[in-house]
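As you go down the protein sequences, you meet chains L and E in turn.
Under our numbering, the first residue of the first sequence carries the number 1, and numbering increases by one thereafter.
Under our numbering, the first residue of the second sequence carries the number 326, and numbering increases by one thereafter.
Certain hints may be false.
[Claimed, not checked] Simulated crosslink set (DMTMM-like; lysine to aspartate or glutamate; CA at most 25 Å straight-line): (1) E:450 x L:36; (2) L:104 x E:518; (3) E:542 x E:408; (4) L:193 x E:456; (5) E:542 x E:449; (6) E:469 x E:408; (7) L:111 x L:217; (8) E:515 x E:465; (9) E:468 x E:458; (10) L:193 x E:408; (11) E:542 x E:402; (12) L:193 x L:36; (13) E:542 x E:566; (14) L:104 x L:5; (15) E:469 x E:458; (16) E:542 x E:577; (17) L:193 x E:365; (18) L:193 x E:577.
Just so you know, the hints here were simulated from the structure itself, not pulled from any lab data.
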Amino acid sequence: MTETEVFMQQVIYGLSNGMIIALVALGYTMVYGIVELINFAHGDVFTLGGFLTLTIVGALGAAAIIDPANLGDSSHWLLLFALVIGAGIFCGGLNVAIDRVVYKPLRRAPKLTQLVAAIGVSFILVNLALFWGGAPMEVFGGGNAAAASKDFPELLEGRNLLGEDSNVVLRLEDVSIFIITIPLMIALTVFVKATRLGRGMRATAQNPVAAKLMGIDTDRVIAATFMIGGFLGGAASVMWSLYNNTISFQMGFRAGMDAFTAAVLGGIGSMPGAMVGGVLIGLIRAMSDQYIETRWTNVVVFGVLILILIFRPSGLLGLKQREKV
Amino acid sequence: MSATADSATLPAASLLTVRGIVAGYGSVEVLHQVSLDVREGEIVTLIGGNGAGKSTTLMCISCIVPLRAGEIHFAGERIAAADGGIRADRLVSRGLVQVPEGRRIFPRMTVLENLMMGAYTRNDKAAIAHDLERVYTLFDILKKRSAQLGGTLSGGEQQMLAIGRAILSRPRLLMMDEPSMGIAPLLVAKIFEAVRELNRGGLTILLVEQNARAALKLAHRGSVLETGRVILADDAKRLLDDPRVRESYLGE
């Protein structure tokens, strides 16, 4: 492999992972933008999305799906899209329920109270995932070792799209990430810019009292934000599980930390910031894995976070200062 | 009791009635029994010093701050009481609209987007376009700046934007909280002129002001709020001559 090929390979890894991170980061940034809460449970909602996905795959008949002979026909793409939508709706609904039951009653409480509540919800969801991992299903290892990582089957053909002779590998899995994440991000951008509810979301984020005075039902807008943020997290969990071929009750912790870092890097509250931040974190991870050393990668990523917090606390695309009257 | 000055016109119905409202934040009670009423077609001003409870009164009327006692009626409907009331966002379509203190425009939306947020609850496209033209006629600077972000406007321009946004909500009663605060005198005159013009067009206005002289000159009637109580309520002209008002609020 030449130097250029090595670099290109890392770019592919970085972009693929980065798009997944960006999708999760959007959930952090949108919720923060509208209720000024770092939703620490977001990563664990993502985890449960992965567990739901594997459960569905298992229920549909693991053997038929894992069988390599069946890979490559279009029904696998349909299954993938269905999983993305299913996990999206599940995680969105879960996020709304969490807001309704835990965050909403605390909306006027001090920020620290809300933060501790979010961490509490996170613990509950982690244990729920642990419990779910003990489900007596073949795909979960038949009920043994609930905490163990579970294999996630290949849903797409594994051949190299750049040709079998190419040293740089681009698989359908990589491509599927772009096929799913890019339209989602475009749809989200158009939604927020052009629809009534989207305008209501922007108004509520910029000035909630003024939004109410304009006749915006801000409770509904907040619920919609949790729904959309959760949906993106759920969609990301399917991509993540497929890409890493595994799920575990801790998957949301790593992904969540990366995504949170990405949201802060891009400027928390800024949607373009979360997208850019996610891709950057993905690339930084890939380059660090290759050119520094894998075991230093977390140090590099969080080093970047600390530098950002010191020198540009508002993030790359963030606002210089929050406007408050 | 009063029916002297208005005898030429028909006695207008009360559009807004505030009866003995009590409200506050946490353990602090800000309003102790505030009452006032606004009749159709009037400009009523609520004057008073810092911390008298003027903004809180408006936030109670807008159903943002809950009542601890008393009642508020708008257009014959009870909108707020101690045991609950209408949700704030449902008041706009009833025609009760507020231009809040500090303007509260949306800084990262363009001027046009800000104005259209005022029409959030409306679907009547033609009438919205008509109202937008009206706002542009009233404040031509907003038309020039329509593509600019709200946060980049000067204080006076933001105030015009906030008023324009409220007009796009089609108010029956427009409440304005300190429209002159922190604004260059030339623009204050322009804004007060706009208020007068809106009223001539039939709009009922409740104006909260610290600039008591300008407000009383503009208004038909006024109330003086002091530490959460209405201490005076009368015709605006009589308040301008009242020795207590002259001493405390007109600096004489």
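Going down the list of hints, with the structure as the test:
The hinted pair formed by residue 450 of chain E and residue 36 of chain L fails the criterion: a straight-line CA distance of about 34 Å is larger than 25 Å. For a cut-off of 25 Å, the pair hint linking residue 104 of chain L to residue 518 of chain E is broken: about 43 Å separates their Cα positions. A C-alpha spacing of about 38 Å is found between residue 542 of chain E and residue 408 of chain E, which places the hinted pair above 25 Å, so the restraint is violated. Restraint check for residue 193 of chain L and residue 456 of chain E: the C-alpha separation of about 23 Å stays at or below 25 Å, so the hint holds.
This hinted pair does not check out: residue 542 of chain E and residue 449 of chain E have alpha carbons roughly 36 Å apart, beyond 25 Å. The suggested pairing of residue 469 of chain E with residue 408 of chain E is violated, with an alpha-carbon distance near 47 Å, which exceeds 25 Å. The suggested pairing of residue 111 of chain L with residue 217 of chain L holds, with an alpha-carbon distance near 23 Å, which does not exceed 25 Å. In summary, the hint linking residue 515 of chain E to residue 465 of chain E is supported, as the alpha carbons are separated by about 11 Å, within the 25 Å threshold.
Straight-line distance between C-alpha atoms of residue 468 of chain E and residue 458 of chain E comes to about 9 Å, which keeps the hinted pair within the 25 Å bound. For a cut-off of 25 Å, the pair hint linking residue 193 of chain L to residue 408 of chain E is broken: about 38 Å separates their Cα positions. For the hint linking residue 542 of chain E to residue 402 of chain E, the alpha-carbon distance of about 31 Å lies beyond 25 Å, and the restraint is violated. At most 25 Å may separate the alpha-carbon atoms for a hinted pair to count; residue 193 of chain L and residue 36 of chain L meet this at roughly 21 Å.
In summary, the hint linking residue 542 of chain E to residue 566 of chain E is supported, as the alpha carbons are separated by about 11 Å, within the 25 Å threshold. With a C-alpha separation of about 51 Å, the suggested pair residue 104 of chain L and residue 5 of chain L falls outside the 25 Å cut-off, and the hint is violated. At most 25 Å may separate the alpha-carbon atoms for a hinted pair to count; residue 469 of chain E and residue 458 of chain E meet this at roughly 13 Å. For the given pair, residue 542 of chain E sits about 16 Å from residue 577 of chain E by alpha-carbon distance, which is consistent with the 25 Å threshold.
A distance of roughly 38 Å separates the Cα atoms of residue 193 of chain L and residue 365 of chain E; the hinted pair therefore is violated under the 25 Å criterion. A hinted pair counts as satisfied when its Cα atoms are at most 25 Å apart, and residue 193 of chain L with residue 577 of chain E does not qualify at roughly 53 Å.
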